[in-house]
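Colleague: Could you build the full structure based on these sequences and the hints that come with them?
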Amino acid sequence: MRNVTTGDVTMTTTQRRRPELAAFLRNRRARVTPADVGMAPGLRRRTPGLRREEVAQLSGVGVTWYTWLEQGRPINASSQVLDAVARTLRLEPPEREHLYRLAEVPFDPGPQPPAQRVRPEVQCVLDALDPHPAAVYNARYDILATNAAFRDLFQVPRMSEDSVPNALWTLFTLSPDACPVVHRERELPVMVATLRSHYGRHVGEPVWEDFIRALSAASPYFAELWASGEVIPPGPRVKTFRRLSGEELRTTVVSLSIHGMPECRIVAYTPENENPAP
Numbered sequence: 214m215r216n217v218t219t220g221d222v223t224m225t226t227t228q229r230r231r232p233e234l235a236a237f238l239r240n241r242r243a244r245v246t247p248a249d250v251g252m253a254p255g256l257r258r259r260t261p262g263l264r265r266e267e268v269a270q271l272s273g274v275g276v277t278w279y280t281w282l283e284q285g286r287p288i289n290a291s292s293q294v295l296d297a298v299a300r301t302l303r304l305e306p307p308e309r310e311h312l313y314r315l316a317e318v319p320f321d322p323g324p325q326p327p328a329q330r331v332r333p334e335v336q337c338v339l340d341a342l343d344p345h346p347a348a349v350y351n352a353r354y355d356i357l358a359t360n361a362a363f364r365d366l367f368q369v370p371r372m373s374e375d376s377v378p379n380a381l382w383t384l385f386t387l388s389p390d391a392c393p394v395v396h397r398e399r400e401l402p403v404m405v406a407t408l409r410s411h412y413g414r415h416v417g418e419p420v421w422e423d424f425i426r427a428l429s430a431a432s433p434y435f436a437e438l439w440a441s442g443e444v445i446p447p448g449p450r451v452k453t454f455r456r457l458s459g460e461e462l463r464t465t466v467v468s469l470s471i472h473g474m475p476e477c478r479i480v481a482y483t484p485e486n487e488n489p490a491p
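In this text, residue positions in the sequence shown follow my numbering: the first is 214, and each later residue adds one.
Hints listed in this document are in silico derivations from the structure and should not be mistaken for laboratory results. Careful, some of the hints might be misleading.
[To be verified] Result set (EDC-like, lysine to aspartate or glutamate): computed pairs, CA atoms no more than 20 Å apart in a straight line:
id : residue 1 : residue 2
1  : K452      : D343
2  : K452      : E485
3  : K452      : E400
4  : K452      : D390
5  : K452      : E310
6  : K452      : E398
Please read these numbers as outputs of a predicted model, since none were measured by experiment.
Modeller: What follows is the structure, given as structure tokens:
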């Protein structure tokens with residue numbers, strides 16, 4: 214366990230988090246009134262909000278266990294129990310995640326609806342990067358927004374208002390001669406392996422399963438790569454693209470996450486010869 218030093222006292226991360234957990238639970242318990250959870254207010258109520266035994270009862274856990282949790286004692290908590298406490302205390306999603314972090318329980322936000330639009334300020338960032346190509350992708354390589362340089366380089370197809378162009382679909386269904394990615398045999402397997410790294414969060418979701426099934430049918434090469442089971446996390450890379458003029462453009466590719474858009478990223482392509490020397 215990592216240690217944190219404060220003055221002359223060395224504490225483990227757990228020892229630092231437990232008081233924070235205790236204070237957080239007490240604060241959130243005080244915000245919830247009996248009326249909020251359908252209970253009569255009762256007489257002689259000295260505690261603002263719910264009592265500990267009421268939180269325990271509504272959450273389906275023992276009073277002693279919840280008391281120890283709120284006191285910051287070193288007890289184990291499961292995700293199911295924390296979810297029950299979170300529901301009782303009417304925690305918002307960011308508060309629920311905070312509860313998990315303080316209790317040192319792995320947090321899984323569950324399936325997130327795929328983003329289909331970007332905010333105007335994100336588009337402004339893309340436009341400011343011009344003349345360097347830049348776009349916003351989600352985890353499935355849907356192209357959610359682009360700047361002019363990106364559209365010139367990749368010839369992003371126009372789609373209907375309810376449809377979104379997809380980089381993988383375009384690259385795997387173009388003929389090899391028309392593909393703008395140089396070293397296609399090296400780069401496309403990396404993209405498929407990156408797709409699979411995101412797929413683990415979406416196994417069984419109809420939109421993802423339909424996409425993979427349809428692209429596998431449209432491209433035997435994609436189907437072959439998908440069947441290989443390779444997994445690679447996204448990261449900075451160097452890629453070379455071929456312009457319509459035939460000129461090659463070697464770029465450094467950098468991905469930036471976007472606050473408020475889970476699993477989406479700004480991808481910027483900077484010509485390698487323009488990168489400053491280290």
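Colleague: All hints are to be evaluated individually against the structure, with a verdict given for each.
Modeller: Cross-check of the supplied hints:
no. : hint         : verdict
1   : K452 to D343 : 18 Å, holds
2   : K452 to E485 : 9 Å, holds
3   : K452 to E400 : 8 Å, holds
4   : K452 to D390 : 17 Å, holds
5   : K452 to E310 : 37 Å, violated
6   : K452 to E398 : 12 Å, holds
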